[in-house]
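Novice: Each chain, written out:
There are 2 protein chains.
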Amino acid sequence: MENRASGQHISHLFDEEMENVRHKVLTMGGLVQQQMEQAVLAFITSDQELAEKVLQQDDTVNNLEMEIDHDCIEIIARRQPTAIDLRMLISVIKVITDLERIGDEAGRIAKMAIRLDATDYYHDQYHELNHLVEMVKGMLNGSLDAFARMDIESVAKITRKDEKVDREYTSIIRQLITQMMEDPRNITRMLDVLWTARALERIGDHACNICEHVVYIVKGDDVRHLKQEELEHKIKK
Amino acid sequence: MENRASGQHISHLFDEEMENVRHKVLTMGGLVQQQMEQAVLAFITSDQELAEKVLQQDDTVNNLEMEIDHDCIEIIARRQPTAIDLRMLISVIKVITDLERIGDEAGRIAKMAIRLDATDYYHDQYHELNHLVEMVKGMLNGSLDAFARMDIESVAKITRKDEKVDREYTSIIRQLITQMMEDPRNITRMLDVLWTARALERIGDHACNICEHVVYIVKGDDVRHLKQEELEHKIKK
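Chains as they are written, first to last, in this note's numbering: chain A, 2 to 238; chain B, 2 to 238.
Among the hints, erroneous ones may be present.
When chains are identical, the list treats them as one kind, so a pair holds in a single copy or across two.
[What the hints assert, rightly or not] Below 30 Å or equal to it, Euclidean Cα-Cα: the simulated DSS-like pairs (lysine-lysine) are: (1) K165 <-> K237; (2) K228 <-> K54; (3) K228 <-> K112; (4) K237 <-> K54; (5) K95 <-> K25; (6) K112 <-> K235; (7) K238 <-> K54; (8) K158 <-> K238; (9) K237 <-> K220; (10) K95 <-> K162; (11) K112 <-> K138; (12) K158 <-> K54; (13) K54 <-> K220; (14) K95 <-> K238; (15) K238 <-> K138; (16) K95 <-> K138; (17) K112 <-> K95; (18) K220 <-> K112; (19) K25 <-> K220.
Please keep in mind that the hints were generated in silico from the structure rather than gathered at the bench.
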């Protein structure tokens, strides 16, 4: 009886540790989500103060990444988990790498916002980005939601959006090139819009990676590098 | 005696498995190194056939990544390693993510090489990239070498190069902007050079990440997000 009770105690502690890791990942996810939204807003409205705030959050995100990483390795070494628990911990280590890179991309956008001269500010110069921003925001929210609920139902919808993001991105680049040719004095500013579009497109890729990690945790299938149809087939299986 | 013999047998098998993983990582490293060098050469010399070859290697790199990943998780689940062995396996999972991303960047350069019209080819348009290419090549070689020999002696030298790469990259971007303003008909081509410079700069970042993973394996210290001086201090300690 004592052994069983102590077994239950250990298992309860283990559950708590796993829940703690999960909770920290979601905190980190919320932070980089906020960083991305604030960086884009700072860039579009030329708000340098907000951009500084985004950059200041970088340390918190980095520390959280290292802390979660350390927690996962510690749990693996001490508890020697297998099956879904091991998949969860290994995948968390990968998810937080993607989250940290999303934070980096947000930081790149924020740095451009700081460099902008507020007097140059023309709101309608950035309307090209609006659609892309909304799509990528949706993908990131969706991927974090899939992780929070360990639900792979919505994964195909999110990764399908990535194809739309790529098309939108290509079309923005084309528009920007035309504008640069028409008015070469605007090249520097247009390049900033172009880098921002690129950063957003990358954030979309990271959101897809997070979705793939969730599929791996839930089903044990490695669905990286699959075509959209193959992915959808694997998820339904 | 029997137990000891069987213990030795298991330990021997374990060593073999670890050596096998290490060997595969180096194979993957050699492949992406080749991809990067060939992609740049294809871009500079407008060699579309070579660029196609780079893209074809992508599947091999991706499959190797998934295979190594699977091997590591399998070994962790079955052997329940701790200390340096666990650090090695977790770090390998991260190193191969960086290697795969380097392959992706090489693929991006190759795609631009394919899009180029060979008749437009002017060799001296790309001389801006030469210095950057050599620096990044050196960083990647150095980081793979550090991994192969588990030697952190050269790490500070490699990460110090990253600051030079960033400066060189910024200077290339400035030159390109000037050229675009002077001759707006050349904007598309100049943007390709700009994306290539960006891809190379990112490859340098991944090489630094690999170095940081090697420090973690050897010393158990997480040296990500440190300033250069702090990193050098940690390594010497």
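Novice: Return the numbers of the hints above that this structure violates; sort them in rising order.
Specialist: Violated: hints 4, 7, 12, 13, 18.
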